[in-house]
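Peer 1: Residue strings, one per chain:
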Amino acid sequence: DARVTQTPRHKVTEMGQEVTMRCQPILGHNTVFWYRQTMMQGLELLAYFRNRAPLDDSGMPKDRFSAEMPDATLATLKIQPSEPRDSAVYFCASGFHPVAGANYNEQFFGPGTRLTVL
Amino acid sequence: AQSVSQHNHHVILSEAASLELGCNYSYGGTVNLFWYVQYPGQHLQLLLKYFSGDPLVKGIKGFEAEFIKSKFSFNLRKPSVQWSDTAEYFCAVNAVSGGYNKLIFGAGTRLAVHP
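These protein sequence lines are chains X and F, in that order. Residue numbering for the first sequence follows the numbering used here, beginning at 1 and increasing consecutively. Residue numbering for the second sequence follows the numbering used here, beginning at 1 and increasing consecutively.
Just chain X, same shape as in the assembly:
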């Protein structure tokens, strides 16, 4: 049963520290998404990759957040330096989308990384 995996599942860190979250998309999927979920803001799209190329990171604070896909099996989201307001659950999702404008297939979500910044 193919699944999106995320590590770590939980992370507690102190303000100012670097945080790296990792995601392994489902094999064969060509789109990867990073979302942040908080009680106040709900589910926010941070970044979106297709075929490893970043297409949209407008939802991401550029000064401290960065998202990359070093290869097709790994996506990373880094926060440096971290702040208490970054505390949230970060979800990675993957899907297969052949071409822009075509019907959009579903996104499969990972279990999330619960980040607490003290």
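Any given hint could be a false lead.
Claimed, not checked - Counterexamples of contact, computed for chain X against chain F with all Cβ distances above 12 Å:
#1 Gln17
#2 Glu44
#3 Lys78
#4 Gln80
Unchecked claim - To be clear about the criterion: a stretch of chain X counts as covered by chain F if any three or more of its residues have a C-beta under 8 Å from a C-beta of chain F, and this derived list gives those stretches:
#5 22-29
#6 61-75
Claimed, not checked - Computed Cβ-Cβ distance ranges for the label pairs, DEER-style:
#7 F/Gly22 - X/Arg9: 31 to 37 Å
#8 F/Glu20 - X/Glu83: 36 to 42 Å
#9 F/Lys69 - X/Lys78: 37 to 43 Å
#10 X/Arg9 - F/Gly28: 23 to 29 Å
#11 X/Pro54 - F/Gln2: 17 to 23 Å
#12 F/His7 - X/Ala2: 31 to 37 Å
#13 X/Val12 - F/Leu46: 29 to 35 Å
#14 F/Glu20 - X/Arg64: 38 to 44 Å
#15 X/Asp71 - F/Thr30: 31 to 37 Å
Hints were generated in silico from the structure; no laboratory data involved. Even for Gly, the Cβ is constructed at its ideal location relative to N, Cα and C.
The hints should help you fit chain F onto chain X, whose structure is shown.
Peer 2: Here is chain F on its own, set in the frame of chain X:
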């Protein structure tokens, strides 16, 4: 800009009651519509989706949704809820923006079902 509105933020029902969760979207083009469910402490899972064809879509666990194009709505329904349906429900619409697609999620509706 495209947006998705879920009018009910919190819904409380007794078991066996009927459920309808509202979802309206703002987008003038062709849309693909989704309902996701998030059980407590878990990730989002797909309940059902609409691409084209019959506007009444049936999903897992007895859920269904009806796409009404003239009302820009995609409401989720279940005739008789169970305690295990306690979860948060998200409506999402796929919209083409800047030459590519992305899902836009609503704020979510928290459903609590009491025995």
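Peer 1: Are the hints correct? Go through all of them and say.
Peer 2: To see whether the hints hold, each was checked on the structure:
1. Gln17: 25 Å, holds
2. Glu44: The claim breaks: glutamate 44 of chain X does not keep its Cβ more than 12 Å from every Cβ of chain F (closest is about 9 Å).
3. Lys78: Given a closest Cβ separation of 21 Å, the condition holds.
4. Gln80: 25 Å, holds
5. 22-29: Since three or more residues must qualify, the claim that chain F covers the region 22-29 of chain X is violated, with 0 doing so at under 8 Å.
6. 61-75: violated (count 0)
7. F/Gly22 - X/Arg9: 31 to 37 Å: With Cβ atoms ~33 Å apart, the hint holds.
8. F/Glu20 - X/Glu83: 36 to 42 Å: Distance hint for glutamate 20 of chain F, glutamate 83 of chain X holds at roughly 40 Å.
9. F/Lys69 - X/Lys78: 37 to 43 Å: About 42 Å separates the Cβ atoms of lysine 69 of chain F and lysine 78 of chain X, which means 37 to 43 Å holds.
10. X/Arg9 - F/Gly28: 23 to 29 Å: Taking Cβ atoms as reference, arginine 9 of chain X and glycine 28 of chain F lie about 40 Å apart, which means the hint is violated.
11. X/Pro54 - F/Gln2: 17 to 23 Å: 20 Å, holds
12. F/His7 - X/Ala2: 31 to 37 Å: 35 Å, holds
13. X/Val12 - F/Leu46: 29 to 35 Å: Check passed, 31 Å falls within 29 to 35 Å.
14. F/Glu20 - X/Arg64: 38 to 44 Å: About 41 Å separates the Cβ atoms of glutamate 20 of chain F and arginine 64 of chain X, which means 38 to 44 Å holds.
15. X/Asp71 - F/Thr30: 31 to 37 Å: 33 Å, holds
Checked against the numbered hints above, the structure violates hints 2, 5, 6 and 10; every other hint is satisfied.
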